[in-house]
Structure formats: structure tokens, C-alpha cells
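Q: Just so you know, we're using the numbering used here here: the sequence shown kicks off at 8 and counts up by one.
None of these hints come from the bench; they were simulated from the model.
Treat the hints with care, as some may be off.
[To be verified] Mimicking BS3-like on lysine-lysine, the simulated pairs with C-alpha atoms at most 30 Å apart in a straight line are:
| no. | residue 1 | residue 2 |
| --- | --- | --- |
| 1 | K14 | K50 |
| 2 | K14 | K42 |
| 3 | K27 | K10 |
| 4 | K42 | K27 |
| 5 | K27 | K50 |
| 6 | K42 | K10 |
| 7 | K27 | K14 |
| 8 | K10 | K50 |
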Amino acid sequence: MQKQEVKADMLYHISLSVAKSMLENGAISQTDYQKIDTILLEKYHPYFGGLLSPNALTL
8 MQKQEVKADM LYHISLSVAK SMLENGAISQ TDYQKIDTIL LEKYHPYFGG
58 LLSPNALTL
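Let the sequences and hints guide you as you build the complete structure.
A: Take a look at the structure:
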């Protein structure tokens, strides 16, 4: 895994953790969370995040 891939994966997980906190606090709905996850997957193309996300993009 290259440095750039590690950074993308890290940024995806950090961003998603903010969205998860918002979901747990009732600031966003489950649907909003899923949309955010999909957007973040498209933006960062995380290696591990893509494997773990229920919204993972398929090739």
C-alpha cells in the first residue's frame, strides 16, 4: 500500500467517524449517513474502507 493510499484511507475513516457521531446524536438520519458514506467512498477510494462499507462501490 502506497503512502497516498494510506492517506486516502485515513481521511475516509476520519470523515466517516464525524458522520457516525452526527448519526448517533440524531443530527442526521441513517439515509443521510449512507449518502455521506457513498460520497466519501467516491471521493477517497479507500482500500480498507471500501472493503468494510455496506455502501461499497462494485466494479
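Q: Each hint should be assessed against the structure and marked as holding or not.
A: For each hint, the structure was consulted:
1. K14 x K50: holds, 12 Å
2. K14 x K42: holds, 22 Å
3. K27 x K10: holds, 26 Å
4. K42 x K27: Holds - the C-alpha atoms of K27 and K42 are around 12 Å apart, at most 30 Å.
5. K27 x K50: holds, 17 Å
6. K42 x K10: With Cα atoms ~27 Å apart, K42 and K10 stay inside 30 Å; holds.
7. K27 x K14: holds, 20 Å
8. K10 x K50: holds, 17 Å
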